[in-house]
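Novice: Chains as they are written, first to last, in my numbering: chain A, 576 to 742; chain B, 576 to 742.
Please note that a few of the clues may not be correct.
Pairs involving identical chains hold if they fit within one copy or between any two copies, as the list cannot separate such chains.
[Said to hold, decoys possible] Distance condition first, Cα-Cα at most 20 Å in a straight line; then the derived SDA-like pairs of lysine to any residue:
hint, residue 1, residue 2
1, Lys688, Gly637
2, Lys688, His734
3, Lys702, Gly637
4, Lys616, Gly667
5, Lys728, Val676
6, Lys590, His609
7, Lys709, Ser697
8, Lys679, Phe593
9, Lys728, Phe639
10, Lys679, Thr701
I should point out that these hints are in silico values taken from the structure, not numbers from a laboratory.
Here's the letter readout for the chains.
Number of protein chains: 2
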Amino acid sequence: VFGGYAVNRKNDDPKPLFLEDLHVGQRFTSGLYHLDSDQIKAFAAEFDLQPFHLDETAANDGVFHGLAASGWHTAAIPMRLLVTGDLPLACGLIGLGVEIVWSKPVRPGDMLKVESEITEISPSRTKPDRGAVKVRSVTINQNGDHVQAFIAKLLVFRHAADSEPLL
Amino acid sequence: VFGGYAVNRKNDDPKPLFLEDLHVGQRFTSGLYHLDSDQIKAFAAEFDLQPFHLDETAANDGVFHGLAASGWHTAAIPMRLLVTGDLPLACGLIGLGVEIVWSKPVRPGDMLKVESEITEISPSRTKPDRGAVKVRSVTINQNGDHVQAFIAKLLVFRHAADSEPLL
């Protein structure tokens, strides 16, 4: 939809993980996501119509001193990487909440990857088939710069859990 | 890109606001954003390829008991509303970070609006032309359900500020 992108899958046939397969300190590294200026502009045209996301010339005079991706675009890209196999949770990636910090602009031509670590596992007190898992991630560009950090709180099920209402 | 949507602008000719125009407790209400199943699926196909965001039948058996929008889609929609005039910051909406909580699924046919309140204003200690502003928002559907809450930390400039490097 936003033009082509290259995704180099890190993990082509990941073993699906359930709550009991996770532990604090467990790490995951994603494949790569290539972002170009057409993608940046297409996303911005839909959700973030600001000159520094839409037009190179206007962006040169703006606060980012050049075209930069919308933070919401930068936030969605890791999901693409994680959900296609780089964080292979068996029941999917179901977010309860997230904290994001945007620390550097994401530019046309950037090649992004995500490094993640499980920082907290909290079994549900009322529903024995599930728990909340905190995952701390950084999005890193081709120069090794951390462009974004985020901590997601995910709903994760035990093996053979029935599908019941959320939490 | 993701199909049509209806945006009823709340504020057609907003007065652009600078840091000195803002105060804690100031409130903003957005226009409406209509979301349909094609938009939900198109966004998910790009960024969040999970059955409960892509296919009604699969979604019926899934954790949301029906098709639901990706949380990243739900997160990006308020930006569309706010940046097109419903939070009329003169220098644009420049996010430093955000905390999001997703509390209810967003469904095809939902009509979303955003209610926002300024909760904190912190002038920069080193750069007198700018400050950080916290805005607490809720995304509300046509039934009055709060589907998402988020607190954004924005970079806001004083009037006639020069464009300088960020923070």
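Novice: Taking the earlier hints as the rules, which of them does this structure contradict?
Specialist: 1, 2, 6, 8
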